[in-house]
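Each protein sequence line maps, in turn, to chains G and D.
For the first sequence, counting from 1, position 454 maps to 454 in our numbering; every step adds exactly one.
For the second sequence, counting from 1, position 225 maps to 1225 in our numbering; every step adds exactly one.
Since the hints were made in silico from the structure, they are not lab data.
Some clues are possibly wrong.
Stated by the list, open to error - Under the rule of at most 30 angstroms between Cα atoms (straight-line distance), these lysine-lysine pairs were calculated in the DSSO-like manner:
hint, chain 1, residue 1, chain 2, residue 2
1, D, K1387, G, K400
2, G, K155, G, K58
3, G, K400, D, K1049
4, D, K1132, D, K1118
5, G, K311, D, K1311
6, D, K1039, G, K400
7, G, K53, D, K1039
8, D, K1049, G, K58
None of these values were measured; they are calculated from a predicted model.
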Amino acid sequence: METKPDLNIDRSVGDFHYDVDYEFDAGTGLTEKTIDYISDVKEDPDWIREFRKEALRKFNSMPMPTHWASHDLENIVFDNIRYYLSQGTQPKRSWDDVPEDVKRTFERLGIPEQERKFLAGVEAQFDSEAAYSNIKAAVGEQGVIFVGSTEGLQKHPEIFKKWFGKVIPTGDNKFSALNSAVFSGGSFIYIPPGVKVKHPLQAYFRINAENFGQFERTLIIADEGSEVMYMEGCTAPKFETSTLHSAVVELVALKGAKIQYITVQNWSANVFNLVTKRGLAHEEAEIKWIDCNIGSRLTMKYPGVIMKGRKARGEVISIALAGDGQHQDTGAKMVHAADETTSNIVSKSISIGKGRSTYRGLVQIGRHLKGCKNNTECDALLINTDSRTDTYPAITVRGKENACQHEASVSKISAEQIFYMQQRGISEGAAMSLAVNGFVNDLVQQFPMEYSVELKRLIDLEMEGSVG
Amino acid sequence: MTTLMEKPAAAPSAWPAWFQAEQSAALAEYEKLPVPVRKDESWRFANLKALDLSAFVDANPVASEGRLINASTGLKETAAKLILGNNALLHREAGLLPKGVILETLESAAANHTELFKKYFMAQPVELGSRKYAALHKARVAAGAFLYVPANTSVELPIELFQWVEGANASVFPHTLIVCGENSRVTVVDYFKSADQLPAFACGVNDLHLARGAKLTYISVQDWSRETTAFHLNSTIVDREATATALIANFGGAFIRGESLSRLVGEGSRSEMYSINPVEGTREIDQRTLQDHVAPNATSDLLYLNALDDKSRTIFAGLIKVQPGAKGTDAYQKVKNLILSDDADPNSMPGLEILNDEVRCSHGATNGPISADELFYMEARGIPADKARRLIVNGFFNSLLTHIENDPLRLHLEGLLAARLAIG
Chain G
1 METKPDLNID
11 RSVGDFHYDV
21 DYEFDAGTGL
31 TEKTIDYISD
41 VKEDPDWIRE
51 FRKEALRKFN
61 SMPMPTHWAS
71 HDLENIVFDN
81 IRYYLSQGTQ
91 PKRSWDDVPE
101 DVKRTFERLG
111 IPEQERKFLA
121 GVEAQFDSEA
131 AYSNIKAAVG
141 EQGVIFVGST
151 EGLQKHPEIF
161 KKWFGKVIPT
171 GDNKFSALNS
181 AVFSGGSFIY
191 IPPGVKVKHP
201 LQAYFRINAE
211 NFGQFERTLI
221 IADEGSEVMY
231 MEGCTAPKFE
241 TSTLHSAVVE
251 LVALKGAKIQ
261 YITVQNWSAN
271 VFNLVTKRGL
281 AHEEAEIKWI
291 DCNIGSRLTM
301 KYPGVIMKGR
311 KARGEVISIA
321 LAGDGQHQDT
331 GAKMVHAADE
341 TTSNIVSKSI
351 SIGKGRSTYR
361 GLVQIGRHLK
371 GCKNNTECDA
381 LLINTDSRTD
391 TYPAITVRGK
401 ENACQHEASV
411 SKISAEQIFY
421 MQQRGISEGA
431 AMSLAVNGFV
441 NDLVQQFPME
451 YSVELKRLID
461 LEMEGSVG
Chain D
1001 MTTLMEKPAA
1011 APSAWPAWFQ
1021 AEQSAALAEY
1031 EKLPVPVRKD
1041 ESWRFANLKA
1051 LDLSAFVDAN
1061 PVASEGRLIN
1071 ASTGLKETAA
1081 KLILGNNALL
1091 HREAGLLPKG
1101 VILETLESAA
1111 ANHTELFKKY
1121 FMAQPVELGS
1131 RKYAALHKAR
1141 VAAGAFLYVP
1151 ANTSVELPIE
1161 LFQWVEGANA
1171 SVFPHTLIVC
1181 GENSRVTVVD
1191 YFKSADQLPA
1201 FACGVNDLHL
1211 ARGAKLTYIS
1221 VQDWSRETTA
1231 FHLNSTIVDR
1241 EATATALIAN
1251 FGGAFIRGES
1261 LSRLVGEGSR
1271 SEMYSINPVE
1281 GTREIDQRTL
1291 QDHVAPNATS
1301 DLLYLNALDD
1311 KSRTIFAGLI
1321 KVQPGAKGTD
1331 AYQKVKNLIL
1341 SDDADPNSMP
1351 GLEILNDEVR
1361 CSHGATNGPI
1371 SADELFYMEA
1381 RGIPADKARR
1391 LIVNGFFNSL
1401 LTHIENDPLR
1411 LHLEGLLAAR
1421 LAIG
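If we strip away everything but chain G, and leave its shape as in the complex, we get (with noise of 0.2 angstroms):
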């Protein structure tokens, strides 16, 4: 069967913007002035203006990855971008403070109603500072923090600097030097040991400016025994001009702890999103990224978990939807440094039209370990006859009393799966879709059930007269 399904995949929710008076503007481009421009709004203390410059360094220093990555990094040009647009640098706690021209943006995506909700605490990002910060009072009580990474460095300096930069280092690749040198907002999180928060915590991130870069940077710590859920969704509208995302996420779990992290991604198809995150899960934690991937131009992503203590556990769930014209160049890093821990990752992608998506893998299990084990899987469904999908893992399972096992396969939407939903009355359009959705039933399946409603909606296959 030769289809060529005209699949418009629903990426219009955040395609969207309105104009906003910024109080404070770094300019474009990026030099020492520019940090020293950041540092000073932000009221940094001199270690961090100090650790920024350093970054910028370590970041000028280093060559694009473009040795194995997509040459389309060339195309990003860091003197156009904007590094900092906020409009103060205190987020409101109570959205009817938050400014007008920020809120209605909010409230169009339809952040505070999800508050009500089921969310236990919000913050939501506009362009480099969270404009809106607030978790509810009964979780505020249990003595977890949950506030912007700023508030964090300020408030919590005892907690902050010990963690900060500790799981992924300045000089980890270039987008990490690029964000530990002018990062701004993200979340700070602390959960008390033995605390559970029963409902999600969410970050909302939103570009509304042209040629921006947005740089967030979190920073969570699960104290012993406790646990927590932390989901984030990003949104851009379509300019005509790049825009840059790059953040860094670094994830501690003590002993015991357990922390999910959740990203639905549906950046506009003019964003590149290229973030480091990583986890470091010590004895018996177990920490999990569920990561779905649909918007972008190209994003480079590959979430990480280093098991250091005995019997952490680490997983990634990945889902990636390449459209026309778009990278998703996915993957996870499973780093084992403990006897008996374990790692899943589950990737699924789907490429449609001319668009490519790519899973990258490492996994490493160290000499002299015992019991550690790891299990891959890597499945990607081809649309159309000239979509792409690549798999680059690398494995070193070293010791012998270690397994490991990897498995991928490329498979295509049967005719037959399609032709029986026809027979049955269903448009090849629905059919498509219905085909899609039960390829990543089973992983959609672990999202909180209010993200697993709007991934479904988001892969929803709109097709008309496309039997060519």
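Fit chain D to the known structure of chain G by using the hints.
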């Protein structure tokens, strides 16, 4: 079996002038190309210390010719035999070859069959990282084996090639070029052997060309000394409905870099790529492969087995590439690492690049130890643990040898494997 001894038509080590000019250009290219660095994706995880070739020298003519010829034993029955040592022909038997089959040194083929030589000699670009070493090979190659099987010709018994190195730090440049005409059939066993347990350097190329409907079984038994550094750069080009089966057994070498490219250029072609790699001590086997599906409805099947003991290392980096026009591709790639020691270091990078949606493609990589149950079963029957381990490793590799259809050849390979694993 014939004992007829024939002298080659041309004097050894005597290339035509036009090829000597190409060799000078290749030498210049070798000198110009940079030494690979870790940052090169095709050298990821590689041990670059092995690329220091400064200790190696030109090989002298073989001193113990008679001993090497006598030691060049393989199958009981063969159609022909070519024995080369230190870049020169030592011995040739070709009595049972059907009419029209050419088996001689590359040098004489360049002079006597210039058209064929020019069409097929190193005709494929080196794509898996070792361009520099392919240039070195071309600059220094002498003798080598050239086999041409004309259309509709079957060579019933296998042909054996022996390529020897002798002397401390000697450098050899083995080359095997096999051209199979339409609907021809042939089996070749290529042995790489050291006369002594000394350090040496081998930089070899072997290219297999299969025309429409041809069937080639090519076995490489690499048994260099445990102190040899060797490059083996292979390419296989398979045309319509032809089937290539290539098995590489890496028994020897201190550092082996193998690059195997299989390009399926004709519809309905098939390429089987197998490798068995027992490694121990500090030996290291670095293998890079490419299954390049250009034509539609072609099949490729890759299975590489590594058993790693002591502080040995393996690197497997494989790629299945399905080009936009290659619909109906059926491609399979699997590497299995059996880990026998805590210090062993296996690295696997099984990759896919799929540019067509009508494909069946899968790959897999597994790492695991010997099953404790299997070991217990044998020990309970009085088999000492060490021997039980070797039997299990033998069984692990034997599972792959079942892909070899020719019975005497499979039994011979099983014997070589058992000897290599000291099972008796």
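Checked hints:
1. A threshold of 30 angstroms between alpha carbons decides the hint, and for K1387 (chain D) with K400 (chain G) the separation of about 18 angstroms falls inside it, so the pair holds.
2. Between K155 (chain G) and K58 (chain G) the CA atoms are separated by roughly 28 angstroms; this keeps the pair inside 30 angstroms, and the hint holds.
3. Between K400 (chain G) and K1049 (chain D) the alpha-carbon distance is near 26 angstroms, which keeps this suggested pair within the 30 angstroms criterion.
4. Taken as a hint, the K1132 (chain D) and K1118 (chain D) pair is honoured in the structure, with Cα atoms around 21 angstroms apart against an allowance of 30 angstroms.
5. With a C-alpha separation of about 26 angstroms, the suggested pairing of K311 (chain G) with K1311 (chain D) holds against the 30 angstroms cut-off.
6. A distance of roughly 29 angstroms separates the Cα atoms of K1039 (chain D) and K400 (chain G); the hinted pair therefore holds under the 30 angstroms criterion.
7. Proposed proximity of K53 (chain G) and K1039 (chain D) is supported: the alpha carbons are some 27 angstroms apart, at most 30 angstroms.
8. Of the pairs offered as hints, the one joining K1049 (chain D) and K58 (chain G) holds, with about 29 angstroms between alpha carbons and a cut-off of 30 angstroms not exceeded.
In this structure, every one of the numbered hints holds.
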